[in-house]
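Engineer: Given next are the chains, with one letter for each unit.
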Amino acid sequence: MKKIRVGLGSCGIAAGGLKVWEFLQAEQANLAPGVEIQKTGCIGMCHHEPLLDILEDDERVYTYGGVTPEKAQEIIDWHLSGQGSLEKYLVSSSQQPNDYIKPQLRIVLRNCGVIDPESLDDYRRQGGYKALAKALKSMSPDEVLAEIKISGLRGRGGAGFPTWFKWNSTRMEESQPKYVVCNADEGDPGAFMDRSVLESDPHSVLEGMIIAGYVIGAANGIIYCRAEYPLAIKNLQTAIAAARENALLGENIMDTGFSFDIRIKQGAGAFVCGEETALIASLEGERGMPRLKPPFPSQRGYWGQPTSINNVETFANVAWILEHGGSAFAAIGTEASKGTKVFALAGKIKKGGLVEVPMGMSLKEIIFTIGGGIKDDHEFKAVQMGGPSGGCIPGHLLDTPVDYQSITSTGAFMGSGGMIVLDETACMVDMARYFLDFTQKESCGKCVQCRIGSKRLLEILESICAGEGKAGDIELLEEMALQVQSASLCGLGQGAPNPILTTLRYFRDEYEAHINDKNCPAKHCKHLITYTIDAERCKGCGICVRKCPVNCITGAKKEVHHIDQEKCIKCGTCLDVCPGKFAAVLVN
Amino acid sequence: MNCCCQNKKTETNQGTHTDIDLRLMDEVINHHRGEKGSLITVLQKVQDIYGYLPMPVLKEISLKMGLKPAQVYGTATFYTQFRLKPVGKYLILLCQGTACHVNGSERIETALAEELKIKPGETTDDGLFTLDSAACLGCCSLAPVMMINGQAYGPLNSEKATRIIRDIYAAEHLKAGEKI
Ligand SMILES: Cc1cc2nc3c(=O)[nH]c(=O)nc-3n(C[C@H](O)[C@H](O)[C@H](O)COP(=O)(O)O)c2cc1C
Ligand code: FES
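Residue numbers (our numbering), protein chains in the order written: chain A, 37 to 624; chain B, 108 to 287.
Excised from the complex, chain A in its bound form:
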C-alpha cells in the first residue's frame, strides 16, 4: 500500500471526515506503518462522504464511502492482508469506475480529490504551473490569447461571454494599472462548484489568473471570495504563500521579468455582489450596488481602471487549455459550447454531488445515469437550472443537451451550474415563490423595477400559495414579470421573473389549481393542506402524541389518535415520526 487519502472538503467534513482523519493520524504507526496518509479535497461524490482512498503499489486506487474510523481500520487491515478490495464498502475504483464517475470528463476538477490542496508539490506533480512556464517563456501574450480564442472558452459564471474577448478588450486599454479579478462570490443557493475547486485545487485558479495577467498586462489580481467559504479562503491563502515563496507570484516570476501578485478580499454576504459592477463597488468598500454598463469593467473597473473579471471555473480551465492546446479543448463539447461544465447536482436526487461533463450531454444522462435518478424512486418532475435567474425544465424536455443555447431555449439559463432536481412533491408555484423571496431580499434597492417589482410579484405568489389567489393574478404576474425583466438595471432584476415565467409556461395548471380550486396538487403549500390520521392504519403507538411540538394530537395508547386542526401548525413532525410500517399520517 502506497497511500491512504481522506476527503476533507467541506462536504467531507460535514459528513464526519475529520474523525476518520484524526483517527488515522493517531493510529497510523500501528495501522499501516510507512504508508503515507494524505488529505484531499472533494472528488464530487458528496452522497458517499466521508470518503477514503487506498492507493496500492500498482497505482490502482480504491475508493470507499460512508467511512467511519472503525470501517477505516477494517478496510486498511483488509488491504494489508493482501485480499484485494473490501467490496462491501467499495464505491468505485480506478479500473472499474462507477456509473457516477465513468461518464464524466474532468478538466476543471482534474485534481479535485486527487491532490493535497495545501501542497504545491502535489499540484506540480500533476503538471501544475507547466502551462504558466510555457506561456511566460515561449509565448507572447498575443499567442496565449489566440490559443484561448481557438479553445472557444466561454465564461462559466453565468452569461457565457467569450473569455478571449473580455481579455482582449482589457488588453487593448492603455491605462495602467490594470486588474484581474476572480469572481468567487458563488451566491446561487444550491450551487457549490466554485467552492469545491477553490478548496480542492486552489493553484489551478491562481495559475489561470497569472496567465490572464500576462495576457492583459496586469500586475495585480484579486480574488473576491465569499466569507461563507472559510476553508476555501484558508486553502487559497496557503496556496498564495507557497506560490510567492517559489517565485510563481510576486516580482519576476520564474525569472521571466513578469511580475504579478494576488490577494484575497472577503465578501460580506450579498448575492448581488456576484454581479461584476456590484462586485467592484464592494471591492472598493462600498455597498454592493451595480451600475449601468457601458463602460464595462474591462474599460473602467476597479478604481476606474481596466479590469477583467472572470469566474473561478473559467480560470481553472486556462492552464489545461495552454497545456493541451486550444484545439484539444475545442474538440470537446458542441459547436457553440466548447469544453466541459461542472454541475452541482442536488435536490431529490439519489446521488448528489459535483459532476463535470462535456457540453452537449443530455439532462437525462446527467440526472439518471450519473445521478442515479430520483430519491426514493419518486417521479421526476422538473430540474431547476440557473439559480434565482433560472427556470424549471420539465420532464418532456429531458433530452435537451446542456449547452448555452439549448438551455436558454427552454426558458431556463445555464447559470453557474446549480442543478436542483424536483420530484412530484415539489409545488411549482412554491418554487417560484421561493426564488422571488430570495431575489426580493437580495435586491439592492437601486432601481425601482427590481426593488418594488420583485416585492409585488412575491406578494402575489404568496397570496396564491396561501389559497388567496384571485382570477387575473396569472395575467398580472405575466405582465409585471415582463416589465421587471425589461426595465431592471442589472442581471438580478432582469433574471428575477424567470422562475415565474418558466413555471407558468410548463406548469400553468398548478397555478390554476391553487387559484380556482384552492388546491395544491403537490400537497406542499401549508395553507392548503391538512394533516390527518388514518383510523384504519393508526395503531395508537403514541409517538406522534409525544413529539407534536404544540400538543395538538390526542388519543390514549392503543387508540386511534386525532389531530386538532385548530391548533396544528403543520410542521410535519407527526409525519416524520409515524413509524413507516404504519404510515398513518395522511396529507390532504
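These are calculated hints, taken from the structure and not from any lab test.
The reader is advised that the hints may include incorrect statements.
Said to hold, decoys possible - Residues of chain A clear of chain B, computed beta-carbon distances all greater than 12 Å:
hint, residue
1, Gln61
2, Gly70
3, Asp135
4, Lys138
5, Leu434
What the hints assert, rightly or not - Not the full set, but computed from the structure, chain A residues with beta-carbon under 10 Å of chain B:
hint, residue
6, Cys47
7, Ala51
8, Lys55
9, Glu58
10, Gly223
11, Asp224
12, Arg231
13, Ala263
14, Gly305
15, Glu322
16, Ala382
17, Asp466
18, Cys480
19, Arg541
A virtual CB, placed ideally from N, CA and C, is assigned to each residue, including glycine.
Let chain A serve as the given structure and place chain B with the ligands on it in line with the hints.
Structural biologist: Just chain B with the ligands now, with coordinates in the frame of chain A:
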C-alpha cells in the same frame, strides 16, 4: 420599569453598550486607516472582536476612519454578514438553499421556531440560541441542513432538529447545575 415599546431585547442590547471597550479595535483601525476601500475589511475584523457591531463601535469607526456615519452604517446594514445585535451562545443557521428548501427546510423552521419560542432572526431570552438562516451551507447532499456554531447537522427532519436543540439545552443546564 417597562420600556413603553415592550421590547426587552433592545433594552438588553443597550445595557451591554456601556461595557464596550472601544480600545479593543485600535489596532485594526490603525492598521487600515487611510487605506482606500478598506471599510468592509475593518467591519469584518471588528465584528470578530466584539461578536457583533454595536452602535458606539460604528460611530467610533466613522470618527477614526474619517468616513461619514451614513456610509459606515449603510455598509454595515447592506451585508448580511454584519450583525448589529449580539447573538446567542449557539448560533443556529438553518439552510434556506434550494436543495434544502425542496427537502423540507420550511417545516424544520416551523418546528424550531415553535421549540425555541422565537421567530427567525431572534435570540432566546436566556441568550442561549439565535435562530438564523443561510443561503446555502454547501452541504446540499445532506439536505436539509442546519449549522450550529460551525458544525453541520443533516439530513434533518422536524423531529431530529428539535431533538438536537433539546440535547444542547439539556447539556447546558446540566453544566450550570454542576457548577452550583
Ligand atoms: C445577480 C448576479 C449574480 C452573479 N453572481 C455571480 C457569481 O456568484 N459568480 C460568478 O462567477 N458570476 C456571477 N455573476 C456573473 C458576473 O456578473 C460575471 O458575468 C462573471 O463573473 C464573469 O465571469 P465569466 O466571464 O468568467 O463568466 C452574477 C451576475 C449577476 C447579475
Ligand atoms: S441548499 Fe442547503 S446546503 Fe446547499
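Engineer: So which hints don't hold here, by number, going up?
Structural biologist: Of the numbered hints given earlier, those the structure breaks are 8, 9, 19, listed in rising order.
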